[in-house]
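Let's have the full structure, built from the sequences with the hints guiding it.
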Amino acid sequence: MFAKSYKITEPKRFEIFVEDIQNKDVLVRPEYLAVCKADIRYYLGNRSLNVLKRKFPMSLIHEATGVVVKDKSGKLAPGQRVVMLPCRKADECDGTKCDECVRDNPHLLDNYCPESKFCSSNFDGFSKELMDISTDYLVPIPDEVGPEAVFSELISVGCCALRRAGLDKSNAPKNIAVWGDGIMGYIIALVAKYSLECDVDVIGLSKEKLAEFDFANIYYANDIEDLPRMTVAIEAVGGNPSGSAANQAIDKLYSGGKLILCGVANDNIPLNTRMVLEHGLSIRGTTRSTRCDFEQALELLKIEGFRERVLKLLLSTVEVDDIKKYYAVFEKESKSTALGKNIMKISF
Amino acid sequence: MNIAVVLAGGSGSRMGMVDRPKQFIDIYGKPVIIHTLEAFEINEKIDAICVVCVKEWQDDLALWLKEYDIRKVRWIANAGASRQESSLNALDAVKDVCGDDDYVIIHDAARPLISQKIINDNIVKVREYGACDTVVPAHDTIIRSVDGESLESIPARKELYMGQTPQSFKYSIVRKAYDDYFALPENERPEMTDDCGLVLAAGVKIGMAMGDKLNMKITTMEDLLLVKSIVRTGR
Numbered sequence: 558m559f560a561k562s563y564k565i566t567e568p569k570r571f572e573i574f575v576e577d578i579q580n581k582d583v584l585v586r587p588e589y590l591a592v593c594k595a596d597i598r599y600y601l602g603n604r605s606l607n608v609l610k611r612k613f614p615m616s617l618i619h620e621a622t623g624v625v626v627k628d629k630s631g632k633l634a635p636g637q638r639v640v641m642l643p644c645r646k647a648d649e650c651d652g653t654k655c656d657e658c659v660r661d662n663p664h665l666l667d668n669y670c671p672e673s674k675f676c677s678s679n680f681d682g683f684s685k686e687l688m689d690i691s692t693d694y695l696v697p698i699p700d701e702v703g704p705e706a707v708f709s710e711l712i713s714v715g716c717c718a719l720r721r722a723g724l725d726k727s728n729a730p731k732n733i734a735v736w737g738d739g740i741m742g743y744i745i746a747l748v749a750k751y752s753l754e755c756d757v758d759v760i761g762l763s764k765e766k767l768a769e770f771d772f773a774n775i776y777y778a779n780d781i782e783d784l785p786r787m788t789v790a791i792e793a794v795g796g797n798p799s800g801s802a803a804n805q806a807i808d809k810l811y812s813g814g815k816l817i818l819c820g821v822a823n824d825n826i827p828l829n830t831r832m833v834l835e836h837g838l839s840i841r842g843t844t845r846s847t848r849c850d851f852e853q854a855l856e857l858l859k860i861e862g863f864r865e866r867v868l869k870l871l872l873s874t875v876e877v878d879d880i881k882k883y884y885a886v887f888e889k890e891s892k893s894t895a896l897g898k899n900i901m902k903i904s905f
Numbered sequence: 066m067n068i069a070v071v072l073a074g075g076s077g078s079r080m081g082m083v084d085r086p087k088q089f090i091d092i093y094g095k096p097v098i099i100h101t102l103e104a105f106e107i108n109e110k111i112d113a114i115c116v117v118c119v120k121e122w123q124d125d126l127a128l129w130l131k132e133y134d135i136r137k138v139r140w141i142a143n144a145g146a147s148r149q150e151s152s153l154n155a156l157d158a159v160k161d162v163c164g165d166d167d168y169v170i171i172h173d174a175a176r177p178l179i180s181q182k183i184i185n186d187n188i189v190k191v192r193e194y195g196a197c198d199t200v201v202p203a204h205d206t207i208i209r210s211v212d213g214e215s216l217e218s219i220p221a222r223k224e225l226y227m228g229q230t231p232q233s234f235k236y237s238i239v240r241k242a243y244d245d246y247f248a249l250p251e252n253e254r255p256e257m258t259d260d261c262g263l264v265l266a267a268g269v270k271i272g273m274a275m276g277d278k279l280n281m282k283i284t285t286m287e288d289l290l291l292v293k294s295i296v297r298t299g300r
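Residue numbers (the numbering used here), protein chains in the order written: chain P, 558 to 905; chain V, 66 to 300.
What the hints contain is simulated information worked out from the structure, not anything from laboratory work. This one's a predicted model, so the numbers in the text were calculated from it and none came from an experiment. The C-beta atom is built at its ideal place from N, Cα and C for all residues, glycine as well. Check the hints yourself; a few may be wrong.
Here are some chain P residues the structure puts well away from chain V; computed CB gaps all over 12 Å [to be verified]:
| id | residue |
| --- | --- |
| 1 | His664 |
| 2 | Leu762 |
| 3 | Arg831 |
| 4 | Gly862 |
| 5 | Asp879 |
| 6 | Ala895 |
Distance condition first, Cα-Cα at most 25 Å in a straight line; then the derived DSS-like pairs of lysine-lysine [said to hold, decoys possible]:
| id | chain 1 | residue 1 | chain 2 | residue 2 |
| --- | --- | --- | --- | --- |
| 7 | P | Lys902 | V | Lys110 |
| 8 | V | Lys131 | P | Lys629 |
| 9 | P | Lys674 | P | Lys564 |
| 10 | P | Lys629 | V | Lys95 |
| 11 | P | Lys632 | V | Lys110 |
| 12 | P | Lys881 | V | Lys95 |
| 13 | P | Lys881 | V | Lys223 |
| 14 | P | Lys902 | V | Lys182 |
| 15 | P | Lys902 | P | Lys881 |
| 16 | P | Lys632 | V | Lys190 |
| 17 | P | Lys581 | V | Lys293 |
| 18 | P | Lys882 | V | Lys182 |
| 19 | P | Lys629 | V | Lys278 |
| 20 | P | Lys882 | V | Lys190 |
| 21 | P | Lys882 | V | Lys95 |
| 22 | V | Lys278 | P | Lys564 |
| 23 | V | Lys182 | P | Lys629 |
| 24 | P | Lys581 | V | Lys110 |
| 25 | P | Lys881 | V | Lys270 |
| 26 | V | Lys131 | P | Lys632 |
| 27 | V | Lys278 | P | Lys881 |
| 28 | V | Lys160 | P | Lys902 |
| 29 | P | Lys581 | V | Lys95 |
| 30 | P | Lys581 | P | Lys594 |
| 31 | V | Lys293 | P | Lys564 |
| 32 | V | Lys137 | P | Lys581 |
| 33 | P | Lys581 | V | Lys278 |
| 34 | V | Lys182 | P | Lys581 |
| 35 | P | Lys902 | V | Lys190 |
What follows is the structure, given as structure tokens:
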């Protein structure tokens with residue numbers, strides 16, 4: 558069947574495409590979309606032109622929920638709301654293990670397969686009227702969770718960070734520190750608070766944003782003398798300032814502590830490796846989550862206090878029924894410094 | 066209840082084809098009418114579909130419905146000699162399940178690029194007005210000529226829209242308009258090109274749902290080329 562999609566064809570240029578959708582698995586109508594910083598980098602053209610030329614045209618957006626229209630397997634009922642997972646297993650993988658296979662590594666799973674694909678990165682994202690998706694990449698949304706389910710991908714990244722640090726309620730430390738007062742820092746700190754039930758210390762630069770972290774102890778990045786030392790630190794600053802955040806964390810970690818890097822830096826950043834060696838620290842990178850992280854994210858969203866705090870990030874819902882409104886949301890989000898997102902409810 | 070009526074009674078004479086009407090032409094492996102029916106099949110607000118089809122193609126249609134897993138088609142009605150007769154046949158076909166307060170959404174089979182938004186907007190507007198037409202603003206200047214050789218007038222563009230389908234109606238309203246129309250002696254029936262014209266002539270106020278330039282009707286070979294080009298770009 559024919560369905561519209563919006564694709565970026567060059568920086569700051571979206572065009573309408575009509576695709577012929579083949580219903581092999583589950584037909585899903587994307588409903589709520591949220592713009593990520595990675596989408597904005599494509600929109601503004603903040604990547605090398607050669608990279609962009611290889612990727613475009615491409616539908617953006619990897620944070621999305623949808624509604625099931627038709628499921629050939631009968632597992633999902635029409636009308637079921639779902640979160641759509643952005644990662645896709647390698648097309649070429651026939652199940653036999655290659656030298657780089659990460660499928661059975663519980664810390665990595667299929668997401669870290671070098672051949673896997675990620676929506677709105679090396680594969681079409683969710684800016685589409687209709688999509689055909691395997692049930693492997695759909696997670697039902699509980700009844701009590703509304704449009705805020707669109708933040709599931711971000712929450713799942715938080716869950717993934719803790720999972721990859723080997724943390725759960727049974728072995729939670731006394732306290733955990735999160736560097737970053739942006740949306741990622743907020744989400745990771747919130748996930749830590751509710752899933753580990755430990756003290757959460759958040760280090761940031763914006764007094765206004767830090768004031769929103771009412772569930773955590775807050776510290777200003779230029780004055781961390783009183784910040785307690787910790788066994789686990791998470792960097793969620795992103796950009797080049799992630800270097801100074803990581804180095805602050807390295808200074809504050811106990812011997813044998815873990816530093817989890819979640820922010821994406823644009824350039825190579827210098828790290829105080831002397832202290833890493835002296836204290837026997839371990840550093841682990843994490844960004845892409847997988848199905849179990851999404852399932853945990855939706856379980857967390859069932860908790861009223863957690864859900865209410867996630868709802869604070871939902872600044873507005875914009876009804877997008879034409880490409881002009883789609884442009885307007887990207888313009889707004891690319892200029893926004895607010896803690897939260899203006900999400901889209903689409904009907905192309 | 067919302068019932069889609071898909072009109073597939075045309076002959077395709079304007080395309081010059083002799084083997085099949087335009088609504089049965091294949092576009093990248095699937096007949097045009099199936100692309101159109103799929104749009105209504107997947108719309109959660111559409112409860113059932115009636116297809117008005119020329120008799121000699123009804124067997125093919127039945128096979129395609131099975132092949133492409135179209136489950137909402139409950140009636141295949143015979144095409145009439147005119148569009149009005151075809152619509153009337155559809156209204157007759159659905160009358161046993163269609164109460165006065167139910168709605169019919171009448172669409173051309175030859176408009177396969179209809180979006181879910183257009184269908185949904187029709188359903189909203191028809192509930193508000195009782196009758197609704199799908200339109201797009203006229204972006205080109207429209208010229209009126211009576212003799213086909215010289216300009217008669219240039220109507221104000223801001224007041225002009227191009228009519229598309231679906232055209233949607235409360236069943237009781239469209240039924241009465243058709244009954245009144247066919248009660249007239251044949252030579253006294255005004256010439257109408259669509260269902261809204263007939264309902265408007267009955268004095269009913271008709272709401273407008275915004276259509277989409279892509280919701281074009283395949284009427285000529287040039288239209289077919291455009292539709293295939295649009296779809297090819299997205300492949």
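| Are the Cα atoms of lysine 137 of chain V and lysine 581 of chain P separated by 25 Å or less? | holds (19 Å)
| Can the restraint linking lysine 160 of chain V and lysine 902 of chain P be considered satisfied, given a maximum Cα separation of 25 Å? | Violated, at roughly 37 Å.
| Proposed proximity, lysine 594 of chain P with lysine 581 of chain P (alpha carbon, max 25 Å) | violated (32 Å)
| request: Assess, step by step, whether the Cα of lysine 182 of chain V is no farther than 25 Å from the Cα of lysine 581 of chain P, and give holds or violated. | output: holds (23 Å)
| query | Is the hinted pair lysine 293 of chain V and lysine 564 of chain P satisfied, with a Cα-Cα distance of at most 25 Å? | reply | holds (19 Å)
| task | Compute the least Cβ-Cβ separation between aspartate 879 of chain P and chain V, then decide whether it is above 12 Å. | result | Since the minimum Cβ distance to chain V is about 9 Å, aspartate 879 of chain P lies within 12 Å and the statement is violated.
| query | Given the hint that lysine 581 of chain P pairs with lysine 95 of chain V, does the C-alpha gap stay at or below 25 Å? | reply | holds (15 Å)
| message | Check the hint pairing lysine 881 of chain P with lysine 223 of chain V against an upper bound of 25 Å on the C-alpha distance. | response | With Cα atoms ~21 Å apart, lysine 881 of chain P and lysine 223 of chain V stay inside 25 Å; holds.
| query | Would the pair lysine 581 of chain P and lysine 293 of chain V pass a check requiring their Cα atoms to be no farther apart than 25 Å? | reply | Holds - the C-alpha atoms of lysine 293 of chain V and lysine 581 of chain P are around 22 Å apart, at most 25 Å.
| task | With a cut-off of 25 Å on the C-alpha distance, tell me whether lysine 881 of chain P and lysine 95 of chain V pass. | result | violated (32 Å)
| message | Against the 25 Å threshold, does the CA-CA distance of lysine 632 of chain P and lysine 190 of chain V hold or violate the hint? | response | violated (34 Å)
| Are the Cα positions of lysine 881 of chain P and lysine 270 of chain V separated by 25 Å at most? | Measuring from Cα to Cα gives roughly 31 Å; hence the hint is violated.
Violated hints for the displayed structure, listed by number in ascending order: 5, 12, 16, 19, 21, 25, 28, 30 and 33.
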